[in-house]
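Asks: The listed protein sequences derive, respectively, from chains D and V. Throughout the first sequence, residue numbering follows full-length UniProt numbering, covering 1 to 209 in sequence. Throughout the second sequence, residue numbering follows full-length UniProt numbering, covering 1 to 209 in sequence.
Check the hints yourself; a few may be wrong.
When chains are identical, the list treats them as one kind, so a pair holds in a single copy or across two.
[To be verified] Under the rule of at most 27 Å between Cα atoms (straight-line distance), these lysine-lysine pairs were calculated in the DSS-like manner:
hint: 1; residue 1: Lys54; residue 2: Lys30
hint: 2; residue 1: Lys54; residue 2: Lys165
hint: 3; residue 1: Lys30; residue 2: Lys165
hint: 4; residue 1: Lys165; residue 2: Lys60
These aren't lab readings, by the way, just hints derived from the structure by calculation.
Number of protein chains: 2
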Amino acid sequence: MAARVAGEPAAPERILSSARTEFAARGYDKASIRAIARGAEVDPALVHHYFGTKEQVFEKAVETAFSPAVAARDQALAVDLDQVGETMTRFIFRVWGNAVTREPLLAIVRSAVNNETAAAIFRRLVTRQLLSVLAGRLTAPDAELRVELAVAQLVGTAMLRYVIKVEPLASTDAEVLIARLAPVVQHHLTGADLGIAGAGRELTGTDRD
Amino acid sequence: MAARVAGEPAAPERILSSARTEFAARGYDKASIRAIARGAEVDPALVHHYFGTKEQVFEKAVETAFSPAVAARDQALAVDLDQVGETMTRFIFRVWGNAVTREPLLAIVRSAVNNETAAAIFRRLVTRQLLSVLAGRLTAPDAELRVELAVAQLVGTAMLRYVIKVEPLASTDAEVLIARLAPVVQHHLTGADLGIAGAGRELTGTDRD
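Chain D on its own, in the form it takes in the complex (with noise of 0.2 Å):
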């Protein structure tokens, strides 16, 4: 275990950050103790010691990925109710449209999508911390459903335009992008059910097979 030398972070910090580093590399499957503890340049005991098991240290790397996602959040609780979905929709952008909140993100995307220990981890923290809370901003009685229907189109847009990359969506102008988006989030959360004009219409119609 090397020295610390003053000024430098105590250990918790420095295992965090190189968990957060090991983590976003590999991934929740390949990640390893071993391997934290030799980034943060401590005996793998003392890992264990401050964070407990491998997934107690990966909760703790991704609340700490998460927290843009709670400022906004928090920002979110703070407009008019009818700006939410564009808060929401502005701080997507904003978050994924820059490498160094989007790749700790990224890598907990990663880790979901492969295992299903982080998926449960990432659902508890994205339940507990932001879908929860936002909808509770909202008095309609499907709150919940609205706040992850609004989710699952920024989810998408960020997965297409980040991730997949299929243009012109990566390369169109994020502010073109908030001006269609955020209206339909917004409609989500508080638009009359089915409640966009001329919808009811279209999908009550019989003409079809």
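Fit chain V to the known structure of chain D by using the hints.
Replies: Positioned in the frame of chain D, the structure of chain V alone reads:
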């Protein structure tokens, strides 16, 4: 190399089937030609002989997993333009709701999220086989972008429902979700610019909650 029995699939079919299994189980990164050959009971050289590189085997396997999407695309090309949103939405729930069709798609998503080469193959296939063809049905100059934003809503929903499994989205009846999503998808495809009628009002209105 095992001797073929009459009635058994020929080597190319066995190789493709084994490749799908291998890519699904281990992802693009970890999948190996050797394991694909073993699963197909052929020599690895035969995998290369029929399909070329690992990248090319993956592309072929993805194309096969993708065939339900191509069928749905053809259906979306056949219905009235104002039904395309619902057709696409129903397709997503049909394909992702059935483990037999979901698993190969999930394997592709996993690989694409983990590996740039796999993402590029997926992007090429999705663009050529789905997005461009569907955009061809629309007359708007921004047809490709419209299709992509529509697909983003559906992809995000599939991710949250079937991969991350957030509640209540994960256990809500598909018909309830289709009723909410189809109008949004249709709006992306054929709505006026920001054309969720009433959405402008919703966005600025204060007469809710």
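Asks: Would you mind marking each hint as holding or not holding in the structure?
Replies: For each hint, the structure was consulted:
no. : hint              : result
1   : Lys54 with Lys30  : both (11 Å within a copy, 22 Å between copies)
2   : Lys54 with Lys165 : between (31 Å within a copy, 22 Å between copies)
3   : Lys30 with Lys165 : both (25 Å within a copy, 23 Å between copies)
4   : Lys165 with Lys60 : between (29 Å within a copy, 21 Å between copies)
In the structure shown, no violation is registered for any of the earlier numbered hints.
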